[in-house]
Structures are given as structure tokens and as C-alpha cells.
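Generate the whole structure from the sequences, applying the supplied hints.
Number of protein chains: 2
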Amino acid sequence: MLKRYLLAPGPTPVPPEALLAMAMPIIHHRSPDFLPVMDSAKKGLQWLCQTKNDVLILCSTGTGGMVGAVNNFFSPGDKALVINGGNFGERWTKICKAYNLGVEEIKIDWGYAVKPEDVENALKKDPSIKGVFVQASETSTGVYHDIQALASIVKKYDGTILVVDAISALVAHDLKMDAWGIDVLIGGSQKGLMLPPGLAFVGVSEKAWAFAEKATSPKFYFNFKKERENLAKNQTNFTSPVTLIIGLNECLKIVQAEGLENAFARHARLAHATREAVKALGLEMFTKESPSNSVTAINAPAGLDGQEIYKNLRVKYGITTAGGQGHVKGKIFRIAHLGYAGTFDVITAVAGIEMVLKGMGHPIKLGSGVAVAQELLMA
Amino acid sequence: MLKRYLLAPGPTPVPPEALLAMAMPIIHHRSPDFLPVMDSAKKGLQWLCQTKNDVLILCSTGTGGMVGAVNNFFSPGDKALVINGGNFGERWTKICKAYNLGVEEIKIDWGYAVKPEDVENALKKDPSIKGVFVQASETSTGVYHDIQALASIVKKYDGTILVVDAISALVAHDLKMDAWGIDVLIGGSQKGLMLPPGLAFVGVSEKAWAFAEKATSPKFYFNFKKERENLAKNQTNFTSPVTLIIGLNECLKIVQAEGLENAFARHARLAHATREAVKALGLEMFTKESPSNSVTAINAPAGLDGQEIYKNLRVKYGITTAGGQGHVKGKIFRIAHLGYAGTFDVITAVAGIEMVLKGMGHPIKLGSGVAVAQELLMA
Numbered sequence: 001m002l003k004r005y006l007l008a009p010g011p012t013p014v015p016p017e018a019l020l021a022m023a024m025p026i027i028h029h030r031s032p033d034f035l036p037v038m039d040s041a042k043k044g045l046q047w048l049c050q051t052k053n054d055v056l057i058l059c060s061t062g063t064g065g066m067v068g069a070v071n072n073f074f075s076p077g078d079k080a081l082v083i084n085g086g087n088f089g090e091r092w093t094k095i096c097k098a099y100n101l102g103v104e105e106i107k108i109d110w111g112y113a114v115k116p117e118d119v120e121n122a123l124k125k126d127p128s129i130k131g132v133f134v135q136a137s138e139t140s141t142g143v144y145h146d147i148q149a150l151a152s153i154v155k156k157y158d159g160t161i162l163v164v165d166a167i168s169a170l171v172a173h174d175l176k177m178d179a180w181g182i183d184v185l186i187g188g189s190q191k192g193l194m195l196p197p198g199l200a201f202v203g204v205s206e207k208a209w210a211f212a213e214k215a216t217s218p219k220f221y222f223n224f225k226k227e228r229e230n231l232a233k234n235q236t237n238f239t240s241p242v243t244l245i246i247g248l249n250e251c252l253k254i255v256q257a258e259g260l261e262n263a264f265a266r267h268a269r270l271a272h273a274t275r276e277a278v279k280a281l282g283l284e285m286f287t288k289e290s291p292s293n294s295v296t297a298i299n300a301p302a303g304l305d306g307q308e309i310y311k312n313l314r315v316k317y318g319i320t321t322a323g324g325q326g327h328v329k330g331k332i333f334r335i336a337h338l339g340y341a342g343t344f345d346v347i348t349a350v351a352g353i354e355m356v357l358k359g360m361g362h363p364i365k366l367g368s369g370v371a372v373a374q375e376l377l378m379a
Numbered sequence: 001m002l003k004r005y006l007l008a009p010g011p012t013p014v015p016p017e018a019l020l021a022m023a024m025p026i027i028h029h030r031s032p033d034f035l036p037v038m039d040s041a042k043k044g045l046q047w048l049c050q051t052k053n054d055v056l057i058l059c060s061t062g063t064g065g066m067v068g069a070v071n072n073f074f075s076p077g078d079k080a081l082v083i084n085g086g087n088f089g090e091r092w093t094k095i096c097k098a099y100n101l102g103v104e105e106i107k108i109d110w111g112y113a114v115k116p117e118d119v120e121n122a123l124k125k126d127p128s129i130k131g132v133f134v135q136a137s138e139t140s141t142g143v144y145h146d147i148q149a150l151a152s153i154v155k156k157y158d159g160t161i162l163v164v165d166a167i168s169a170l171v172a173h174d175l176k177m178d179a180w181g182i183d184v185l186i187g188g189s190q191k192g193l194m195l196p197p198g199l200a201f202v203g204v205s206e207k208a209w210a211f212a213e214k215a216t217s218p219k220f221y222f223n224f225k226k227e228r229e230n231l232a233k234n235q236t237n238f239t240s241p242v243t244l245i246i247g248l249n250e251c252l253k254i255v256q257a258e259g260l261e262n263a264f265a266r267h268a269r270l271a272h273a274t275r276e277a278v279k280a281l282g283l284e285m286f287t288k289e290s291p292s293n294s295v296t297a298i299n300a301p302a303g304l305d306g307q308e309i310y311k312n313l314r315v316k317y318g319i320t321t322a323g324g325q326g327h328v329k330g331k332i333f334r335i336a337h338l339g340y341a342g343t344f345d346v347i348t349a350v351a352g353i354e355m356v357l358k359g360m361g362h363p364i365k366l367g368s369g370v371a372v373a374q375e376l377l378m379a
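These protein sequence lines map, in sequence, to chains A and B. If you use my numbering, the first sequence closes out at 379, no skipped numbers anywhere. If you use my numbering, the second sequence closes out at 379, no skipped numbers anywhere.
Everything labelled a hint here was simulated from the structure, so no lab data went into it. Among these hints, one or two may not hold up.
Only part of the chain A face toward chain B is listed, based on derived beta-carbon distances under 7 Å [said to hold, decoys possible]: (1) THR61; (2) VAL103; (3) PRO196; (4) PRO197; (5) GLN235; (6) TYR340; (7) THR343.
Every residue, glycine too, gets a C-beta built ideally from N, C-alpha and C.
Here it is as C-alpha cells:
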């Protein structure tokens, strides 16, 4: 028996309370049974997103929320400014192009964060830009982009909205939708919210709803105006993914019991301990600045294949993490500390990395990284 | 305590085997753990759809599969022939229009089935029609359209494909994708397949794949060519809804143990018993011809509100069924016998209807419909 540990940046482990709630018999989404379930989910998501805005619930992966953000607020020919600093920034560009938006990119070397002044300059130079698209946490590089700074810039432009993919950031990072002025905030179920994959969440500001009035991109499945009308009645436009929404309420209860500030602090603490422990092993962070609280991206030591490290963790020790994406495949590996994650997940990750690297012939003093993590995670 | 019974045409009850399998800890969709799960689901769906074609698995409701069928095989301006005999036929028209297809409708009075010769004549008159869109089981009216006859017509036209919404028909009706020549066959999880909502299935013929090569409708989330490439590797394009796919395998095992022919026969038997029992109560079928095996649509007796019947079943007896949709709301109510359904679900439905109607002052001899169902369902 090889016991399994899931330490990947999504899907993340689901707490037993949610697993059991989702194993209950199905209820019907158009019956009154479902209305309080949806009402509770709706309010919980507003609390989580720190907003009075509608937070739509979609039956899709997080990418569905991204696609919906493009085709509900924009029209063919509209100008998009994409902050592209990784695999998911790249995805914004692909979606915008698929819907015939004009795309201008701020290309950022992987591992670095956007400079807010570059966005300010781009908007000054071309105020016809209608949308600025960014990731809060860019999962492929482990970088957190400064959403507060970007929001403070974009809100000065009446004709521009800020669209934030917060799929891997929600619950792990403080994202004050209303206070900062984020226009569109996208989440997914299988990350900080500790659920199976299958739900996307989209918070929409009043400024963004005004954009929706003029948007002509074709849409049917992701139709935010119809979702908004349904949400007001505690419904979704099409069949509601009832089990996942029931699970969502369980997970929201867990986060509410912890408190938002405590949840952010826990993620920050786990991320910090992971980074310091790994650095103590002589490894180099792939993330050069502004590291995310969700995932830590680590360079494979010279001469070792990052995919082999990832593979050995899984095959020899039952620990599922993530390798590198795109052009850094083989060069890095990534460890998540996201969602249903605690002290001994970090200890497990660091101990596993030590054992794998030593097994691959890399000079490692077993326990040395673990001790650093222990020190930082002492209660 | 009011014990609950779910007899709605989706979501339908989930068997305990699937509920428990879905309550197991999450596995990662890009890890080798998931590959055999997906491989098994893929092969099981091919068996269920009676096809050697790819059957794509999408993270969406069934409507997502319908939208994908429109934007993956067609381009703006293409001509669509929609068989519109109910709420879901109407949905085909709306989706086609959302993607700027030219729509010609064969309008059918609710409760009636399409006459295949009308489709033949429409295609003869206008061979530029690229797609014929139909429901196998039109859930809003309880009508089964003759898919075999339609397929035999459409396959004579090289420039036309047949797109079948089989969301509420799969498992309940024999649909021989390859033998009959269905080009696109769409299913959903929360119907005959006995799963929670959240998955769509799309079987695609080689003829349809050739259409996909030329289709220019914008797409990103529902990108069938990318899904096909991923399916070949036992993956999905975006994060796989792992729990639902694990549940799918459990439900497929149940259907495989029963056998396809037996599953169709069971649904036919339950549907027949429901209809005969209800007729014995002096009620009139809303469905005038070609009744579906999935759902029985019944006229409310003169002077009674169909929504009240539906509501009394739920509130007084804990039985969730369905009311009427669109212009027949209040005039009909609908009872499903779909998926994880057996003899005593029919008995429950008929007994509940008797008790509700009697309670509403309608002349009913208690047990008289039940006896008819018993007679027909004796082992």
C-alpha cells in the first residue's frame, strides 16, 4: 500500500465534511429544497470575494469563467490588454483571440510580476483599451500579480475594466473586490475552495455589467445576464450542479469558521515555510519576485530533470505535485499549499523533496529542510 | 419526517455505489491515476452510444454539449433545420441563432412527433441545409422522435449532418449511433446515467469531424478538436471533473451488468405501466403519439392546475416530479421513470397521483391505477 498525498495546485484535497455532504442523495434544482442551498452559496461567495456584487456560479471549470468574461463584456474588435507572464496569461490571449478581440500583450518573463506602471503607460497611450486581463496567482510560475495596484490604475479609466483570473488565488490571497475596485473576479472550485472540479465563480461589478449591455460576442452557455436573473431567484440558467453547490456550502462554512484573514495568513505562513525550507536545501526559487501563497515553483537542481523529481515524488512516495508547464517543463517542479492544507502537508512536501533528491544523487542532508519548516510552523 | 422521492426527469437519483465512489478523496487529472479512469469511461460511453466514434466528455450541463455541437460543426450563415416540438427544440433554435446560423424550423404541435417525410422534403427543397437538429426524447412533451428514420434520410445528404440531443433519452431508448448513422449524439450525466449534473457527452461521427474542419464559429471552452486530441491520451482539454467521471464508471458498470437491451426494456416497461395506470384513472396523456420511455406527460384534469398537482405531490407526499414548461405550464405534470428507476418508483408515482387528485376533490378510486401498474409489472 502506497498512501497518497495530493499536493498539486488543483485539484486539491476535499475535506471529509464536503465529501460526505456530496454523497447525500440528489435534490432537484428547481424545487424549493434547492433555494436555501443556493442562497447560502451565493451569500458565502460574496463574503469570500469581499463584495456586494453578484457572484455567478457556473457549471464549468475555471476556464469557462474566463471564456464567459471575454464573451459577456466584450465585442469582436474590442481592444484587450493581456498581462502575459505564464501559461494562464497565455490563455487570456488565446481566449481573446478566439472571440476576435484585438490583443495587446504586456509580456513578462516567467517568474516575474507585472510592473503596474507598465499597465498605466499602456492605458495612457491607448485609452481605447476596454479590458485589462490578468492572473492574481499565475499558477505556472508561482507569481502573484499586484491586483490592488492594477485596480487602482484601471478604475481611473471609465472605458476600461479589470478582469482578474483569481482561480488559484481565492482563499489564499486577500482580494478586496469592492474596496480595490476589481471589475470581474473569477474563481474555480478545485483550488482554495477545496472542492472537486466543476464550478466556476464570477464576481461582476456594476461597471462591468454596463459593459455587458453593449457586448455583442456570441454566447449561449455562458450568458451572464441570464445567470444574474436566475441568481436573483436562487437558481442557475441551466441545470444546477447541485452536489457541488452543496459541497461548496460545506467548504464555505469551513473558511467562515476560520475567518478570511486567518485563511490568508495560514496560506502565507505555509508558503513562506515551504520557500524557506527549500532554500535551506540549496534549491533556487523559480519565482523571482512576488511569490504566490498558493503554489511554490522551484528550479530543478542543475543536471536533474524537474519532471523526474515530480515523477519520483509520485511513484516512490505517493505525493502528487506538479511539474513545469510550457517552455519550463523539465526545468521546474511545483508544490501547492492551497485549500485544505496545513503544517504537515508542508512537512510532507519538504521531506519528500529531500528524499527524492537524495535518491537522485543530489547532496542533501535529510531533515535539514524539514527542520527549517518546523521552526517556522511551530505553534 | 417526510421521506423524499425524486421522480423528476433530471436530475435523477444516484445509486449508492456512485455516491460512495464520488465521496472518495480526489485524484489528480494529469496523474497516471486518472488515465485508467478516463479510459474506462471513454470505452463505456462508446458501448453505451453503440459507436466506434469518439465520445467526448465535457465539464458542463447537457446544454454545453448542445452549444458545442453548434459552434464546432457550423459557421455563421450556415443553414440549420430545427425540429421544434417543445422547450428543448426551441433551445436548438436559440443556440443556432446565438451563433448566427440561419434557422429554418419544422414546428410541431407540442405532444406530437416529427413526420420524417417533412424533413426529407425540407432537405430536397433546400440541400444547402447543413445540419438537422432534433431531440430524441423531448422532455417537455414526453415525445420520442424517430431518430432511426431521420438518420436514414440525413445520411443520403453528404452536406448535412444529424445532431441529436439525446440528453434525456440515453439509456432509456435504443440509439444505434453507428448502425443508424447519427452524426452527433449528445448526452448528459443527470438523466439515464444516474449521476449528478455536471457532465455532457458528445459522440461525433467521421462525417461530423469533417464539418469541424471547416467550422469558423468562435469557440474556446467547447473545442471539440482539442477534446478529441486529449481524449486520445485519456485526458480532457481543461481540468477533468474527476469525481463525476469516477461516478460515471460506477454507473456504467451498473448499466453494463444489466445489459443495454435490458435497460431499454426496463425503461419501456416502466413507461408503459405508468401510462396505462394513469389512463386507468381517467387521465389523458399530454403526449399524443410516440411516447418517450423517459418521462410521461399527463394533462391535469379539467378544472385542476397542473402546478398544484406537482406542488401537492412534493409538499404533502415528498415526491418531486415536474410541472409543465412554456405555454403548457399549469396544464400538465410530468413523471419520470428514468435511470435508477424500478417497479416501485412507478407504484409510488401512481399512488401519489391518486392521493393528490383525490385530495384535490377529483373523483378517484384509490388503488385502481396502482392495480393496473402492478398487473403490468408482475415479475
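For this session: Have a go at the THR343 of chain A hint: is there a Cβ in chain B nearer than 7 Å to its own Cβ?
Result: violated (19 Å)
Problem set entry | Proposed interface contact between TYR340 of chain A and chain B, which counts if any beta carbon pair is under 7 Å | Violated, because the Cβ-Cβ distance from TYR340 of chain A to chain B comes to roughly 10 Å (cut-off 7 Å).
For this session: Go through the hint on THR61 of chain A and say holds or violated, using the shortest Cβ distance to chain B against 7 Å.
Result: holds (4 Å)
Problem set entry | Hint validity - PRO197 of chain A Cβ closer than 7 Å to any chain B Cβ | holds (4 Å)
For this session: Return the status of the interface hint for VAL103 of chain A: holds when the least beta-carbon distance to chain B is below 7 Å, violated otherwise.
Result: violated (13 Å)
Problem set entry | Status of the GLN235 of chain A interface restraint (C-beta, 7 Å, chain B) | violated (13 Å)
Problem set entry | Hint status (Cβ of PRO196 of chain A to nearest Cβ of chain B, threshold 7 Å) | holds (4 Å)
Consistency with the previously given hints fails for numbers 2, 5, 6 and 7, ordered from lowest to highest.
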